[in-house]
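Student: Join these two chains into a complex; the hints should help.
Respectively, the protein sequence lines represent chains A and B.
Start counting the first sequence at 1; every next residue gets the next number (UniProt numbering).
Start counting the second sequence at 1; every next residue gets the next number (UniProt numbering).
Treat the hints with care, since some could be wrong.
Straight-line distance between alpha carbons at most 25 Å, and here's what the computed DSS-like set of lysine-lysine pairs gives [stated by the list, open to error]:
#1 A:Lys764 to B:Lys26
#2 A:Lys699 to B:Lys6
#3 A:Lys640 to B:Lys271
#4 B:Lys271 to A:Lys597
#5 B:Lys204 to B:Lys10
Facing chain B, according to a computed beta carbon distance under 7 Å, are these residues of chain A, among others [as the list claims (entries may be wrong)]:
#6 Gly603
#7 Ile763
#8 Tyr765
Because the hints were derived from the structure by calculation, they are not lab data.
Because the structure is a prediction, the values reported are computed rather than measured.
Quick reminder that beta carbons are idealized off the backbone N, C-alpha and C, glycines included.
In case you want the letters, here they are:
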Amino acid sequence: MEIDIPLPEELELLEANSHFYEEPYLDPPSPDPFPPKSPPSENLEIDGSKRPRNSVETESPPEENKRTKTIEIEEEEEEEKEKEELDWLRYSPPQENKVGAAVEKDEEVYLSRHVSAINGDCMPVTAPSGGERVYAKISRAQRDEILKKLNIKERSNGLIFEPVNVLLQRVEQQVLTKALQASSEHQSDITLHDTPMVHEQLWVDKYAPSSFTELLSDEQTNREVLLWLKQWDSCVFGSEIRSTSDEVLSALRRHSSTQHQKTFDSNFSRKSRGHRWSSGSYRPINNVDQGNNNQKGMQELWNKKSRLTGPPEQKILLLCGPPGLGKTTLAHVAAKHCGYHVVEVNASDDRSSSTIETKILDVVQMNSVMADSRPKCLVIDEIDGALGDGKGAVEVILKMVSAERKSDFGRENNANKKGRKTASLSRPVICICNDLYTPALRPLRQVAKVHIFVQPTVSRVVSRLKYICNKEGMRTSSIALTALADYTECDIRSCLNTLQFLNKKKEALNVMEISSQVVGRKDMSKSAFDIWKEIFQKRKMKRDRKSNSSSGSSYGEFDFLHSLISNRGDYDVILDGIHENILQLQYHDPVMQKTVKCLNSLGVSDLMQQYVMRTQQMPLQVYQPFIAITLHRMVAQVQKPIIEWPKSYQRYRTMLMEKTDILRSWHQKIPPYISRHLSTKSCIEDLISPLLHILSPPKLRPVALHLLSETEKNDLAQLVNVMVSYSITYKNVKSDSLSTNLGQEAIVDASALSFDPPIGEFIKYKDYTSDHHVLALAMKQVLLHEVEKQKILQVSIGKSVHTTDGCSNGDQNFIGKGVSGPKSAKPICENAVAGAKNFENVKNIPNTRQGFPSTSTVSSSLVSSRSASTGAKQKSTADTRKPPSGFNFFERFRKPSSKGSQDSEIADVKEVTLERDLRPLLFKFNEGFTNAVKRPVRMREFLLR
Amino acid sequence: MLWVDKYRPKTLDQVMVHQDIAQNLKKLVTEQDCPHLLFYGPSGSGKKTLIMALLRQIFGSSAEKVKVENRNWKIDIGSRTIDLELTTLSSTNHVELSPSDVGFQDRYVVQEIIKEMAKNRPIDTKGRKGYKVLVLNEVDKLSRQAQHSLRRTMEKYSASCRLILCCNSSSKVTEAIRSRCLNIRVNAPSEEQIIKVLEFVGKKEGLQLPSGFAARIAEKTNRSLRRAILSFETCRVQQYPFTSSQAIPPMDWEEYISEIATDIMKEQSPKRLFQVRGKVYELLINCIPPEIILKRLLHELLKKLDAELKHEICHWAAYYEHRMRLGQKAIFHIEAFVAKFMSIYKAFLIATFG
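If we strip away everything but chain B, and leave its shape as in the complex, we get (with noise of 0.2 Å):
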């Protein structure tokens, strides 16, 4: 296995990055019964893992004895029956699941699932926990609808169920799920606790680090520890002993968009344009997510602009993606954004150089 599964924390203890918030969390569940939590926070910082190793601790190892299910409910909403089918993690004493997965029925799924868990307590002889934990993923992709009905059974069901929501932004949770749990953000780890993890990876790998190589690592991957550790092997795979000025693979997407970014640099026309669409869709095909491309766009033309612009077009990044999330065809707006890009850019042009 990978480097990041090899050495991911799987205790409480053992976590190197959030050491503040596994200690807290480690309290939490020993002394006293646990709350319906909220773990929020940039993708690479290391909820997933908090979650796991907090499962670890209140249920000990069995919480790691999972086994994949498609489950299949009937839900049956007075007219018809809806059918839907979703993959769950499961194990005796809790269940793992993305009901963003089923779309727009997701408000089903989060009801019938509580209710079943609800249903089913977990009798356990030797009476340590009288609940189950049920693990939400991508609660913020879930749909209006599904979260009013997640708040209700949240606390109906609260004496045989906790809930644990993960999402990427708390923005999009509503106010009153948010009051229900307690919110825990993980921040994205600083550089220097990726650079910290790396030389221990590195350690424990057995490998020698220049001075300065976990540094660059860490530097180039967004506050990621998850990319910070996969550019490591990727490295250590491309060349080893490590030299210091090494280059270290890109990710192929970000390539692609700084590419684009340079097309709208070299030239502003409708022509352009329509190629720039063209690339867009093809990364719009390959599921890299909208809104992801608009702000590596950004990032990326930023890098390349005059001082003087950068309010102006950020302004008009957030302008675009505010419209792109309302809608419903990303390529429209991050079309949009580039051609307003282009046009103030060529006006600058024009304006400077006459």
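Extracted from the complex, chain A is given alone in its bound form (with noise of 0.2 Å):
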């Protein structure tokens, strides 16, 4: 709400103004009302006489209300320049010595700080309320002189340019809602000038930037940003597209003049928060310091960018960084600048991923028919914040890349201003977080343009609140200004409440006791990084003057590094990468005792970690930043840290894993009856190292098997054996990998054989060569080939002689089966006729307990049974048959049957199948093929000889 509403007389006379100075807007060529530059000699007068008014305005309050009728009127009669000077000058007088005191004060100390409040003088004609009895002829010298200083730099201004039919639907719609507030407002009560609610805005939307000069934040992102979204030009205003030459420079100089005279007009207009400023000629404040090279060559870039017909590469754009910096306001003003219509998708929308999907859609590919015609750029806020539900937009923005990217050589011809129909993102999008790193965030990263916001500088910040106090009325120091930016870590946001609230209270701003006073620290946690760099580095002495106040600077420092470790929290983290760091430092140390202290000082840590962790008393933890201060006071220097994240701990905790791994499924490979006497830890002390030597004996020389000698083989058969019994192979491995770990090993071929389970990876330390002697290759597969033949002539007499060889694996038994010997050949006969007789007897008592489960089996069984009693050679067929299961069951028989049913013919039958078993045959009759008797012979016949 506006203090001063407008007559309608004074609405009427306002609109027909502003039409009138919208056709000299919509032709360029016809002369302008207002030429550009007036007289210097006025401007000279004008600008002394602009800050009187400031001064008085604020150091009297009561006269306001008085005053601004005054003011609006001047304003109506903005033509009449000569009646204004003349108010002008009746205020003036009195003032003008003080200032041009300021002036000159401001001028010499910021230098930009100076032009942007100059700037900001000349703005509140935009804004909404409050700003209302400003200053229409101030606001028209500035830009004079502005002009003035700025005219060269104009010229390298490429980046502001706004298509005109977009400027002027803006004003069309300004008018409008101006007409519609007015006839609303109208009806309320007019006479009502001094509303409390004006006080009741807060200060951070009433001065938000609304252009994009007036941002504050860094003016490199500020600048990129821009060029990005005006990369987009080509492929969202087709060929309304226009270069920033010099001609349109000129015209750009052109229209801001007149943009100028129109903000008069408009001045009433609330909704004006002027994107008419945008085509910005005080764009440049900065560059006064910065010199105009880099922005020549910004210009060149983008002029070279600008004239490519696609979209910028990264069609996404992620700004990132500590809040109240005005990410979100920079994406808006910049959006607006570039003649965009925002949509905002924030934490409080739904953001599932399928209305996310059809709002995406309604922004990026259509083009609304209503009067706002603007494309649209979708701002995405705090896209970090709701992990489950923001992850959808990410999804989808995703996707929509992806899909623009296989496709897009296809379209690309067909692609034309009015937007595509496929799923492709064709309108910029605005990605916004905190945390960069958010795990949910990752994909976007790789895709997208990541902007890292920086803090503004403190004179910028401090300048700006300067000039809102000022305008609020509220008596400031620039000293306690910068300390509570400084407080406030720069958070313009937080700032600007913090100001606020003093002003409602009508306290004035302490430097002393800006901790204590309202401003609440903001309760932000640091990166690791940020911390570990606080902990290792000294405070250079701004921080302690802020806090010798208090008592005394270390207090202070403690303060801020309890608080600063305690926010973040993760203390393992921290105290992780102390330790990695904390060797590299150069602290003056000559007898090392820091280096011990700073080492007990991590023992505790870990004893504390273990004790809370084992206790789970968490609020012990409380006491853990305390170490990391104490460390803090003992190594701290002032030259810059070098830190790394602490990567070694969680890689040895990784390759133990690894190794214990490989330890334990060796363990489990060797036979029972040597691992049970062998833990993993016994392993590695004692076994590894003497094993490797047992395994590589030096002597043995590679040459053919025959050619060895009688003890030479002994020795081989001993060294296969060893390999053997503790399962241990050679495999073909890649050579790089192991020449790389064992320098030692020269290996000339590609494919090299290494130990199986790779035990010598156990005793390959960094730094360490050993001296075990390696075999040669050729004896390597000499070793692997008898290797693999003992390990089928173990499983194979492992079978036969099972029940004499204790050491054998139990389970075995049921493996082996296909190779059975004579010995275990037998007893499956012998069960297999106990099991038929007892399988009558099943039938004839049903409740007997194995009966039912098993008859089926029993019945197989029976048959085989019955067949190794009528015919030998039947027999073998029938025992090939037999199903597995069979062995089970039998056992399971064998006593009761051993027991019950023992006969002669049992005896007679073993008799049988132990011979023939011996010598079995085999016939089978295969139909189109020749009859054939065929002969099983075992592995065992032919490796042992």
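Tutor: Right under this line is the structure:
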């Protein structure tokens, strides 16, 4: 709400005026009603007179009401300059000297700030309330001054360009809204001039930057964002794009003048937050300092890029940075500046992937048929905020981006300014987040253009704050403001809120009490790197100055570090980081006492951590930060430390897991009669080194087996035996991994043989060369062969002699049945008969326990047992046919049957089968083939000669 | 197979090193019922060998027919179920496992397996032994809760189940458990015993042992019989016939630690400490337990140290080892020890040589 609602007559006049000024704008060649440059003498006068008014105002609030009226009148009658000047003269003389001094001071202290302050002075015209009493004249004078100053710079001012039609539309719209407002307010109390509502508006909103040039954020970032947006022009605006050439710039200059005129007209508009300013003759505020080179390069870059037809390479802009630096503001301002209609999606909206998809499609593909037909720009705020939902948004965007990439080439030609009808991004999307490294954003990070916000300089923030304070009539000192800005880490939002709060309470900002005063310390955790830096680096005097007022610098430092570390909370990582980096510091420590102390402290923290974890008494964690502070006191240096992320402990953990796994799996492979005597620990301690020696004896000659002497053969057999019993073999590996690990091993060809459980790895320490002999490749191959042979042999032997060999594995019984020797065949047969007998018993007495579940097995084995009793030849076939579960089954029957039905028949059968089984013959009839007599041969017979 | 396995005594009668213990055990088992047993002693002293021989004594050769099983337990604890997997060795009469492998949930394993065993009492028709034996390895690594839960179940199911516990140090086994068991300390074999065993092995293998060679091996191996026999075989593989001056290949990790010790003695500075850290990490990665690293490091340092510092250094080594066991990140404490040593040594050097 505004204090001074324009009277209807005034409104009409205004409207008429604005229409009047529109026309020259529409038609650039037509002569401006106001020549852009006013006579310099006038400027001077005006410049002088501007200030006093300001100060008068701030000093005399009671007068305000009265004066606003006069100013209104002034504004109405803008065109009658003389009269206005008279007005000013009326006000200015008493303050003349003071103002001059103030201006001077401003100029010498902050050049840019001064300009921005002036800039601000002319801005309030656009502010919806409070600023209305100000200064049509001033701004015009201002403009002139700036124009004069910046004529050169504007030439290079390539980023600011707005399509004419966009501006026009905006003007129209403003007029419309103005009229609407006026009419609505007309019905309410017109005479109410001093509405308390004015003060209720948050300063943050009230003084939010409305134009690109007002942004406080880092100039570089601003410009890059704008550049990125501008790259969309060709695809969004199509042929309307014009690159910033000289003619455009000159046109721009003309426009800017007209625009200013126009602003005066719409002074009363509450919506006139002024995108009109955005064509920005004020932009190069800082360029005074920065010099023109930078900008020139920038412009070249932009010119080059803007000629490209497509949208920019990276279709998504990701802004990140701590809160309160103006990310959202930048996105909005820049988008508006480039002629987009901003559509914002933030955490308060529904962000599930379906809704967000429709929303994005709306934004990206549709053109509004309503009055506001500007292209839209999507701003997704707080994209890192809601993890589950925010992810939906990220996914959708990624999908669109990837879809775009796939079909990029085919559709390039079809692209027109109307936008495409496919699910691809054809409008800029700006994402905003606080923490760039949120896991949800990881995929987005790769495709998006990332800009990290940095804090604006304190001086800029302070100058802005000061300007606002002046406007609000609040007394402050720049020292206090500096302290405030420092304290809030240049969070403009919190500064403004604090100031407004204080203002409301009619208190002054006190330098000393900032920390104790209303300003809440922002509960923001810094990154671990920042914390390590704070710990390792001594603060300069800056912070001390602030804190020594309370109780000495160390105390403040202590507090500061403590809050810093406890806000972060992740003590484990922090202490790991300290441990990782502490030895790299350059502190003075002749007898290493400091180092000892530091490591002791770290040890204490480890004990604490362990205790807390074991007893689950998390409150005790509060004592962790003190350890870090102790370390800080001991080792902090002034110079900048090189800090690395603590990787080695994690690396150690993962490698240890890996190796333990290898060890364990090896341990399990070793047959139990050996492994039961070895723990994995003693494996490492005692076994591996000697084992490696034993496995590669230096005397073994790589020659053919038959050339070896008897003792050598024995040795070889022994070696193979060891390898088999420890289940070690060789296998092929890539040589490069090997040769890097073990330089000693000379491997020529690509593939080499190494131990299969890689036990060699366990003695490969860094910078350590062991004197283990390494066998030649040929020898390894021989060994590999022998080991395989031995394994097969052992399996078959294991079957036949496992009853006598106490060491063999129990379950091998079942595995190796296919190659069962005569001894194992015998009990099977015996069982079969016994089983058959028992089966009959079962039939008779059905409630016998085993009968029912295994009837089928019994019947099949019944067949086998019958065939065994009738013909020995068929016995062998039946034996092979026998289902695997049969053995189990019969074993269970063994005892009762041996008790119950002990017969001479069994003995007979046993003898017969024993004989037959020694020389089993297999008759097998295959239709279409010759009948053949086959005889099974055991591996054993090949191997054992 | 290796000599270690080949010449491992299979029965209590064959035992060469701890004959007294073996005879006592034999008497214990044959004359009366066996109590719970707790074997403790350093590694490589023959605990497991004794246990196996004892099992054989009790159950005969069937105790040697073992199978490996990866057993899963589903344990219901009120709100949720825990899935545990553990490798066990079992024969018909006994089960062998290292519950500490499952980490902090070892309690459930201990409880479950004993109950399970108590449920299925072996039905021995010949009426020999009505109990099963549960062999628990590495009892000292059991968590405190597991040990507490063990002590009740030990009593409750003692009728059907005997426990044989095996650990390196009895100090980490709670008093309660120790008092429920017959404690058997298995010493590290003396060097004479080791020499005897080596000579026995040499004779069996038909090797010519030069005089004093066995003694040298025994001396090098830190009184661990396993290591002695392994070294012996290594020497045999490296060079035969033996010469009395033959080099006995060292353990690689010990060699590496002695390199670290040399590094420490050469220079004392944070930079060097950083290098040492990297090397210690290497050892830790390769599964060398931190206690052993610290112990060995102390050993190596003491070798090179002036006598007057030895006491102090030992004190600090003990101090840091204590802290290491209380804590979690061994590297912190090992490094702190190294730093402490460097500091002391450097101060000593400055004081001595100016």
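Student: All the hints need checking, so say for each whether the structure fits it.
Tutor: These are the hints, each one checked on the structure:
no., hint, in the structure
1, A:Lys764 to B:Lys26, "violated, 45 Å"
2, A:Lys699 to B:Lys6, "holds, 23 Å"
3, A:Lys640 to B:Lys271, "holds, 18 Å"
4, B:Lys271 to A:Lys597, "holds, 16 Å"
5, B:Lys204 to B:Lys10, "holds, 16 Å"
6, Gly603, "holds, 5 Å"
7, Ile763, "holds, 4 Å"
8, Tyr765, "holds, 4 Å"
In this structure, the one hint that does not hold is number 1.
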